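**Student:** Sequence:
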Amino acid sequence: MPFMTASTERYNPRNVEAYWQSVWEERGLFRCSNEDPRPKYYVLEMFPYPSGRIHIGHTRNYTMGDVVARYRRARGYNVLHPMGWDAFGMPAENAAMQNKVHPKEWTYANIATMRDQLKLMGFSIDWSREFATCDVDYYAQQQRLFLDFREAGLVKRKSAKVNWDPVDQTVLANEQVIDGRGWRSGAVVEQRELTQWFFAISDYADDLLEELKGLSRWPEKVRVMQEKWIGRSEGLKVRFEFADETVSGEEYLEVFTTRPDTLFGAAFMALSPDHPLAAKLAATDEKAAAFIAECHRRGTSAEAIETAEKSGYDTGLRVRHPFVEGAVLPVYIANFVLMGYGTGAIFGCPAHDQRDLDFANRYGLPVKPVVKPEDADPENFAVTDEAYTGPGRLYHSDFLDGMTIEEGKDEVARRLEARTIGGGPQAVREVNFRLRDWGISRQRYWGCPIPMIHCESCGSVPVPVADLPVELPDDIDFDKPGNPLDRHPTWKNVDCPKCGKPARRETDTMDTFVDSSWYFARFTAPKADTPTIPDVADAWLPVDQYIGGIEHAILHLLYSRFFVRAMQKTGHLDLKEPFAGLFTQGMVVHETYREPNGPFLPPEDVIVEESEGTRRARHAKTGAAIEIGPIEKMSKSKRNTVGPEEISRNYGADTARWFMLSDSPPERDVQWSAAGVEGAHRFVQRVWRLVTSAKEGLPPAGTALPSGFSEADEALRRATHAAIRDVTDAIENLRFNRAIAFVHDLANQIGGHECGDRDSGLWAHREALEALVLLSAPFMPHLAEACWQTLGHDKLVAETAWPEADAALLREDEVTLPLQVNGKKRDDLVVARDASKETIEAAALASETVQRFLEGRPARKVIVVPGRIVNVVG
RNA sequence: GCGGGCGUGGCGGAACUGGUAGACGCGCUGGACUCAAAAUCCAGUUCUGGUGACAGAGUGUCGGUUCGAUUCCGACCGCCCGCACCA
1 MPFMTASTER YNPRNVEAYW QSVWEERGLF RCSNEDPRPK YYVLEMFPYP SGRIHIGHTR
61 NYTMGDVVAR YRRARGYNVL HPMGWDAFGM PAENAAMQNK VHPKEWTYAN IATMRDQLKL
121 MGFSIDWSRE FATCDVDYYA QQQRLFLDFR EAGLVKRKSA KVNWDPVDQT VLANEQVIDG
181 RGWRSGAVVE QRELTQWFFA ISDYADDLLE ELKGLSRWPE KVRVMQEKWI GRSEGLKVRF
241 EFADETVSGE EYLEVFTTRP DTLFGAAFMA LSPDHPLAAK LAATDEKAAA FIAECHRRGT
301 SAEAIETAEK SGYDTGLRVR HPFVEGAVLP VYIANFVLMG YGTGAIFGCP AHDQRDLDFA
361 NRYGLPVKPV VKPEDADPEN FAVTDEAYTG PGRLYHSDFL DGMTIEEGKD EVARRLEART
421 IGGGPQAVRE VNFRLRDWGI SRQRYWGCPI PMIHCESCGS VPVPVADLPV ELPDDIDFDK
481 PGNPLDRHPT WKNVDCPKCG KPARRETDTM DTFVDSSWYF ARFTAPKADT PTIPDVADAW
541 LPVDQYIGGI EHAILHLLYS RFFVRAMQKT GHLDLKEPFA GLFTQGMVVH ETYREPNGPF
601 LPPEDVIVEE SEGTRRARHA KTGAAIEIGP IEKMSKSKRN TVGPEEISRN YGADTARWFM
661 LSDSPPERDV QWSAAGVEGA HRFVQRVWRL VTSAKEGLPP AGTALPSGFS EADEALRRAT
721 HAAIRDVTDA IENLRFNRAI AFVHDLANQI GGHECGDRDS GLWAHREALE ALVLLSAPFM
781 PHLAEACWQT LGHDKLVAET AWPEADAALL REDEVTLPLQ VNGKKRDDLV VARDASKETI
841 EAAALASETV QRFLEGRPAR KVIVVPGRIV NVVG
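UniProt numbering numbers the first residue of the first sequence as 1 and each following residue consecutively.
No lab work stands behind these hints, which were simulated from the structure alone.
All values derive from a computational prediction rather than experimental measurement.
There is no bait here: all hints are sound.
In the DSS-like style, the derived pairs of lysine-lysine whose C-alpha atoms are separated by at most 27 Å in a straight line are:
no.: 1; residue 1: 156; residue 2: 576
no.: 2; residue 1: 569; residue 2: 527
no.: 3; residue 1: 480; residue 2: 492
no.: 4; residue 1: 228; residue 2: 213
no.: 5; residue 1: 228; residue 2: 158
With the hints as extra help, turn the sequences into a complete structure.
**Tutor:** Laid out in structure tokens, this is it:
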């Protein structure tokens, strides 16, 4: 066989890894069947965008997923571990514009390259289920989902103020705007009014929030982020009657408040500059118009908001206070009121809201506290610079005096609900959400076409299911900015499916986040001619363990949660939550290198040396001094990447896999370094040596348990079974760095074991080696196969069951308890496992060490925690 | 500003529900093997004092609870992440 090496030789991963990969492939070991009766386990890593080439940093989460997949397979599960490509999106169009290459060609070429790269890593992926979201087969089903969602009332077409990215020339979702800039282009986003397609994610706001509580295997951090994003707030919508005629004849002004209890502290009303009434006022009031224009000029970026002072314009309008006879409140237009939340208007209570206080202080409005802390003196309690938002009792508030905040809210709501203004109740209890509907229209070519047709007489008409898919045309040009579909000569011309008259296709395509919102469901039946096969999807889902970056904590994960709800409503599957377990992994970081004031250099061009504690770098070819820069996330732009090819060539994939999961906990970043890789590689060689150097005298595989184990043999057997227990536990909890530490430990025990030529010693040695191989197999699958074969097995490790720890060996007859005197460890105390408290106490008091440290004092107290510790207090 | 997390040797990091602080790895030091080197193996490696047995100190700082605190509580310092005029 090509991979066999004589036992004296070093392990040669280059040949061995390719060999075992081909064996796995030939036997189809990782192809999984939907008919398999064993319990299912679905492990999935967030699929990659095919950007060009993969570097080792991309492969860490796939390695984690692969460890889980291989472990679960060994535990007897039917494991689904698929891979695909999130293949639509802007970079393909950018490449088209820059390099005159078609987005489709560019994308599929990248996929081919990256697939080969991934295969070098030896992941146990079911490649037969692979697809790309830009495959017509996939996006055709996505169009089907769109039509079904529309049928179910989950798609809306509405005119909305949207975030317009002037560089990418497209609309962005709120989630895609970061600090006022496009998440991809970095350009300052403008506000534009456009008619767009929306998914009604806000219909599920309450449910999406509520069900977060049940996601116990999600990181707390992600749940909190989603909770904040959904942003539920309970309050009251209140109508304030105008005290005099308004320009346009409104009877009342409606505001939303979460603090109706502070109504007696109200000092003013404030409208958003985008409020319809503000616009009407501006038509006749030049100063109002100027103020609104000024507000719009101010950016919406984080810096702009932070530095912006509260400012307002007094419209001259007045409203009546609902409870104070004769009192009126001025109506301002204010720069800090958002149109997008509540009604776009508020009442200001300066004493109990910091923003309102800042505003009131600037314009000399009265600050009247109406809530005071329980123990505050009503005479002296005052609010000047800091609003009081804590708990307390109401005062200065007429019929609310003495009530708690909650009682006050309820009382105000009760009274106002009973009154009528403008043909409706003066107040309505309302729940508001920060979460907006999901605008999915993108003015782009490389995305899933929205299957709708616009007809002059029939309006927006869905493409009949029989006419799907609406395929992207191949003959397009990228000479001008904007959407090539929109200026394509023929593609958009189509007859109306309803009336047959000439009509035009929707030329917008879907946000690429739609593509990734259901791919996990498609993997369960990737070739089906419906989006899913519901029974199959329900059998596989939810994903048992999902692994990916924290950067998707909101966008992708929230959209996917919405999608399964929508797919449930439309009968494509029947579950609520797509991902039962979520793990967010840390990144791979690497030092950066650059020539003094020059460009970044890739690691392979740099030689790093260390002498007397300082590290220096020089150019591998020229010898010139190189600056060692900060440690950063591996990225093309910093050129601090390492490719799977180099690793595979020099050390093998197993070394890389082992290294990436050693040392650093998986949720934290790991620093890639040459020294670290060397260290991991030494361990690979060490395992190989332990196996090859021992195998001559070992009993054949499967020899029955002998008797007559020596003390050392027993110790090794205990270590073996402790390792099985500990590694298993660590992998179950995704604590890969600990699992690796336990494997190291077992290797150390094996290295120190003298087996002599006793049958029992050799048997214990074999047992330990086999455990070492099986326990390290999920991490280093190629090495494990080579070792397993060397140990004389016919079956592959990939077909072998996970080892079981023998409980009898883990139960020790004697236990060593730390012996403390006054809380400080002084000695060890060896007692029988089932020794009574009294026996242990007596033994402790009899101990010389205890006597010495008590220095003649009597023991006042002896604390015995069985199996844990003994503490003598004196 | 609000919310969350973290702070342990030269370094990455362990320590289950309050019970031996520093597992495991990297690095370093010494030794063995070798003509020599690499590789490998063995020993040591928190700090201070001591040849040594050993003793004292020690988990960001200060305090508290406890027989006992890296772990729980309070205050503070530092770092990281998320959100941010959401009424």
